[in-house]
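Colleague: Given the sequences, and given the hints that come with them, work out the whole structure.
As you go down the protein sequences, you meet chains H, G and X in turn. Going left to right, the first sequence walks through residues 1 to 242 as my numbering numbers them. Going left to right, the second sequence walks through residues 1 to 577 as my numbering numbers them. Going left to right, the third sequence walks through residues 1 to 235 as my numbering numbers them.
Warning: the hint list may mix true and false statements.
Unchecked claim - Simulated pairs of lysine-lysine, BS3-like, Cα-Cα distance not exceeding 27 Å:
hint, chain 1, residue 1, chain 2, residue 2
1, G, K418, H, K4
2, G, K367, H, K26
3, H, K147, H, K86
4, H, K4, G, K394
5, G, K366, H, K4
6, G, K145, X, K106
7, H, K44, G, K367
8, G, K384, H, K26
9, H, K26, G, K366
10, H, K164, X, K169
Stated by the list, open to error - Simulated coverage check for chain X against chain G, where a stretch passes if three residues somewhere in it have a Cβ under 8 Å from a Cβ of chain G:
hint, region
11, 57-66
12, 126-132
13, 158-168
Calculated directly from the structure, the hints in this document are not laboratory data. A virtual CB, placed ideally from N, CA and C, is assigned to each residue, including glycine.
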Amino acid sequence: MPAKAVTLTVPELTFWERIYLVEVAKGLFRTMSHLLRNLLPTLKTDAYALFGKLPPAGERSIPTIYYPEEKRNYSNRFRGRHILKKRADDTLRCVACYMCQTACPADCIDIVAGEHPVLAYEKYPVKFEIDLLRCVMCGFCVDACPKDAIWMTRDYELSFFDRKSAVYGIPELTEKPGDTAEGGPGYGYRPYYGASPMRKAGEFQPSGLALMPFLDLRNKAINRMPAPAAPPAAPPAAKPAA
Amino acid sequence: MSTDAPVSTVSFAPVLERKFAGRARPEASGRGDVPTISVDPASLHDVALFLRDDPSTRFDLLLDVASIDRSKLPAEQLPRDGKRFQASYILYSTRRNEHLRVKAAVPEARPSLPSLVDVWPAANWFEREAWDLMGIDFENHPNQKRLLTHNGFVGHALRKDYEAGQRWLCTEEDILQTDLASKTETAEDAFETMTLNFGPSHPATHGTLRAVFRLDGETIVAAEGECGYLHRCFEKMSESHTYSQVIPYTDRLNYCSPMINGNGYARAVEQMLGVEIPPRARAVRVILSEFSRIMDHLVCIAANLVDIGALTNFWFLFQAREEIYGLLEACCGARLTSSYARIGGLSNDVPENFVEWSRRLLVEVKKQVDEVDRLVSRNGIAMKRLRGTGLVTKENAIAWGFTGPCLRASGVPYDLRKDKPYDGYETYDFDIPVMNDGDNYSRYYVRMEEMRQSARIIEQGLSRLPSGPVNSDDYRVVLPPKEMVYNEMEGLIYHFKLVFEGIQVPAGEIYSSTEGANGELGYSIVSDGSGRPYRIKVRPPCFPLFAAFEKMVVGGMVSDAVATLGLLNIIAGELDR
Amino acid sequence: MSDSKSARLPVAGQVVPPLGPGMPSTAGADFLTTKLDWLVQWAHSNSLWPIPFGTACCAIEFMSVVSSHYDLSRFGAEVVRFSPRQADLMIVAGTITDKQAPVLRKIYDQMMEPKWVISMGVCACTGGFYRAYHVVQGIDEIVPVDVYVAGCPPTPENLMLGIIQLQKKIQSGELARHREAKTLVPIRVGEDPRISIPAYSTGVMAPHRPGPPGFPEIPERAEDPVATGGPEKRR
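Modeller: This is the structure:
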């Protein structure tokens, strides 16, 4: 047997352990000590509850979270309900590029694009629906967005009485002041800005290795941005040579 | 992404050539792949015996049978022999620490291979699965029936011409009939024994497993296991998604330790691509994998102790687990389905207080584990329930394809983290706990010790967590950082290509394995050079364990079967996929 | 067994049909029955005994809900029963496959009235991202669902919210009507010719996604009823 393995042996029971009665008492003592340790703070909680209050966090030793009065503090990466971000002039940042729809493994996003009256914005979503009962909250739509337009919040309170009401359209998804207000869910998962440190130090060179296959395809790729007038049978872009 | 010319790495090629001239040939295997031989179906059985018994081979552990339908491969990769199906047997030699893939191709007209159940008993369920999903017929198979899908199913779902959304009605009689249940009615011992249906909706089966026992009094004289109640078509789904989109699916394989699945999958694809991930990402993957392993063992032990009647420990252990969830959620944004690994790194850097938090957590977890250790490990009742039940000898464990804690509890110190180190495991100092009894108590005790060893690994990883990026900067694989996407045309193009077309994985094949919480978690991936996997076959650690369950419980009591099932730690998500 | 109609008791909160014009008022009797209904509904809503039909990841989160951090007993619902005869709230936690569907239906039928169903997690609600050959696309194909809890898996708080919402609905007396209106899709038992094959089994599903990677073509999508019919019609 190689030296890496450590062979364990079954612990031998002592005489006192075998006659069992002492062990029963010891085990009961152990669980009772847990009970007593929890009991006093619980009584205190109950006393507070009589007056309709929650005890301050420091005065509790039991881990129970008193939902819905009290909510667990999830991290600011939590993947909850989506929001659509807005520009400074209150229009949606989304340009209906279908990236999130393509990246979604659950196929739960449905977008219809329209031409935006403001020329600079070009396109906007006429319809942007997320079926929250299909969504698996993987965050791939946030990763895929090239316009910083879709984020997630920490809002996890999503239960519905029917399937129709779980389909969120633009009105429900648009960011509201309440999302980040005091007591609101706050932002959750958002695009990752992890810039490559090499790039920060000025060392990053768009390496020929990575870039070459694309250079000649660049124009083609840009021209093939999805647009309503795109020819239906556009040839797929050539694969980059490995 | 350098390209190495594929070479054959089969060590026993001369012996093979001498014995089976022309009928079994070594094949070139790609980068990171296991050595491969290709065998003529007619001599597959002989070659299998040779591989198992010859001193130069000694492949005693059958890990997986992966099948593939090659009919939709691009023209230049279509098989020259014109045979549509191919079965790949993944073997491992516990004595020589070597993997091997054995390929055998069969034509569409007569997709038939000799069954290898008499060579490796583990092949039984793997071959049934291949028959069920791919329609490869195994001659002389003792029990070739549908395994994952139901009896009302028509067609073979993983064939490329099968529509992914085609469902079939399953009625009650389609699932209720098993051989065991029907035999009692006719056999002369109808008055002596009774049939007991156990599951699929039974608290001790954890939801989705089913077993039918024939009982004499309370002793089990025959048993039959059935799975497939959670067959969610992971493999078919992955064929219609890009390589990145498969990551959320992998989380739901073993949902007690989703991090390990994602890391294993990402590593497999990285090996195909030849992408190196930064040291920080590697260390974080190791640390979080070990936390997941602890979590998995916590759930296994907690749930099993509930099954044998010790409810208190459930609350102690779940408290520890809930604390770990807090850390995982802070890293990846979800409590359970992490989707944290990305091909080429991680989705995000760890939070700033990661090291202190993890250290605090380790203290907390150890405290709860020790508490349970004091309550259970030397407890007379637990010993009587667990010792000597669910016995598996060393030879049987290998023959039935056990891996992971269950194999180590039978005395075989096989652990991929030591035997085939990956992600820098060779630089960590830890032990592999092994026990020789092979009973339920060993499986419990080995897991307890493994949690402590995992804690050791985490401590070492935390003390030397390197700084730096967590993602490779090859933007054909990893999404470019957002400021690049928003501001620069190159960044946007990379981003665009990655989202719409996926990562372009070079054509080839790989078997990449990771030490999952339950054993060897293997991914056999076949790429046709496009952005979507052509075929992914998962080697689920639970699958052979549950296949052996029906043999292990015979001769024991029903209540021991419950304890055995709990300590094999069958996770339906990865059992059925 | 599958005929749950005959086993159904009069459900609290049912609206008494008006007696018609010119008939004497029943205001006095209403008062008594309303108070009794309120009491029964109050008792129902605060003593939900759940049967967890846990199959997958969501079942693990359900374990969290009953363990000490979230403690379901604060809502009177901690008595987790594994026997359908003793439970009145079925929490379907996890993916339901076609193979599992008859089992789910059978257990639902074995539960006593009044009974409620919470569908926990997107797999149970709609099939989630498993648009596949072996996955039920929403358990409302098989059993009526009262509350859908989104998330994959939902956080424990979210499930608790679902339970709180269900309690409110039970107290308002609304749920009985909701269930009456729901058509139940039967599962065929034996060779009984009277029960038709449920719609869910026909395998009619929208194609999952186009095969070769490429760019979406907008004119085609707009004409395609499957794509524009909203997620409800996609199935």
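Colleague: Hints numbered earlier in the text: which of these fail when held up against the supplied structure?
Modeller: 13
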